[in-house]
Structures are given as C-alpha cells and as structure tokens.
Amino acid sequence: MPGTTTDRLLRAALFLKGLDGAVELLAGLALLVVGPRELDGLPRWVVEHHLLGSPHGALAERFAAGEAALSGGDRTFAVLYLTLHGLVKLGLVVALLRQVLPAYPLAAGVLGVFCAYEVYRAVERDAWSMWAAAALDLAVVVLVLREYRRLRSRRRRAAGTAPRGGRPPRR
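So in full-length UniProt numbering, spot 132 of the sequence shown is number 132, and the numbers just go up one at a time.
Because the hints were derived from the structure by calculation, they are not lab data.
Note that the Cβ used here is the ideal one computed from N, Cα and C, for glycine as well.
Don't take each hint at face value.
Distance ranges between label pairs, derived from CB positions [claimed, not checked]:
#1 Ala127 to Ala27: 17 to 23 Å
#2 Ala158 to Ala116: 22 to 28 Å
#3 Ala30 to Ser153: 27 to 33 Å
#4 Val113 to Ser153: 25 to 31 Å
#5 Val33 to Leu9: 18 to 24 Å
#6 Val123 to Leu9: 25 to 31 Å
#7 Gly91 to Asp7: 18 to 24 Å
#8 Gly160 to Val33: 50 to 56 Å
#9 Arg150 to Asp126: 18 to 24 Å
#10 Trp131 to Leu9: 35 to 41 Å
#11 Val33 to Gly91: 30 to 36 Å
#12 Arg149 to Ala12: 31 to 37 Å
#13 Val33 to Arg156: 44 to 50 Å
Let's have the full structure, built from the sequences with the hints guiding it.
Okay, structure coming up:
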C-alpha cells in the first residue's frame, strides 16, 4: 500500500479493526472463563470504585442490566458472538495487510453484514453509537473495495492481461 491519504486511512482503519477484534476475542474468552458468581456485584464495584456516578444512576442501571443479561441465557450468545466476531476481524485484518486479493471482497461482505446488523440494532434500540459504528464500517467497506480495485488492476497490468471487458490496460 503506497503512502496516499486513502492508503493511510485504510491502514488506520485496519489497525482499529484489528485492535477491536483483539479486544472482542479477549472479552469473549474472559467471559467464558468468568462465571455468573464472579459477575455478581461487578457493576456496583465498578460504579463505586471508579466514581462513575451514583449507584442508582443511569450508568449503574446499565451495568446492572448487562450483568443480569450475562448471568442468564445471553451469556452463551455473548461468548460466541465476541469470540467469533473477534476471530473473523483479526483474520480479515491480517489477510488485508498481507494483500491477499480474495480477502478483499470477503472483508467487504462481512463488514456489510456487520453494518446491516448495526443498523438493525440502532433502529431497534435507538442507539446513536450503533449508527456511528455502521457509518464507520461503511467507510471501511468503501476503502477496502477501492484498495481491491487498485490492487487487482495493478496485478493484471503486471501480468500483462487485459481487465474484463476486453479493453487494454491503461498506462
């Protein structure tokens, strides 16, 4: 990837996606190891010891709701979702950084599915953060597809083959 602004943006986006994937993978594995008993009281401890507001405030209630969900049936879903989501992101980031050509359309498709899910959750929960995540993922899809077209064109020119449509390569 040369040093154009778009290339630097793609590298930065891939770094962030890789970091996000690693955090998700670690969170999923930690959640697998940590049982419901260990989660009991975690929201109260976080709020009290990290001065995040009142123990009866909105943030404390969100923590408590998350704890309740993870103690119940949502725990298995959360472990699977976080672990698989993290693995997929890390795998795609590594493939894109190595410029594995077939990974580009795959990454665009996977990110497109993530975008669709984020939009669904944004509408369902009226969450601006999900709208922001979807917008960022959509921007990454555009960068990935742009890089894919550039790489594919460069490799065809290097191989001396014409692109689809029968036109000779541009020089």
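Hints versus structure:
1. Ala127 to Ala27: 17 to 23 Å: holds (19 Å)
2. Ala158 to Ala116: 22 to 28 Å: Once the Cβ atoms are compared, 36 Å apart, the range 22 to 28 Å for Ala116 and Ala158 is violated.
3. Ala30 to Ser153: 27 to 33 Å: violated (43 Å)
4. Val113 to Ser153: 25 to 31 Å: Holds: the Cβ-Cβ distance is about 26 Å, inside 25 to 31 Å.
5. Val33 to Leu9: 18 to 24 Å: Between Val33 and Leu9, where Cβ atoms are some 36 Å apart, the hint is violated.
6. Val123 to Leu9: 25 to 31 Å: holds (28 Å)
7. Gly91 to Asp7: 18 to 24 Å: holds (21 Å)
8. Gly160 to Val33: 50 to 56 Å: holds (54 Å)
9. Arg150 to Asp126: 18 to 24 Å: violated (38 Å)
10. Trp131 to Leu9: 35 to 41 Å: violated (20 Å)
11. Val33 to Gly91: 30 to 36 Å: violated (22 Å)
12. Arg149 to Ala12: 31 to 37 Å: violated (20 Å)
13. Val33 to Arg156: 44 to 50 Å: At roughly 48 Å between Cβ atoms, Arg156 and Val33 fall inside 44 to 50 Å, so the hint holds.
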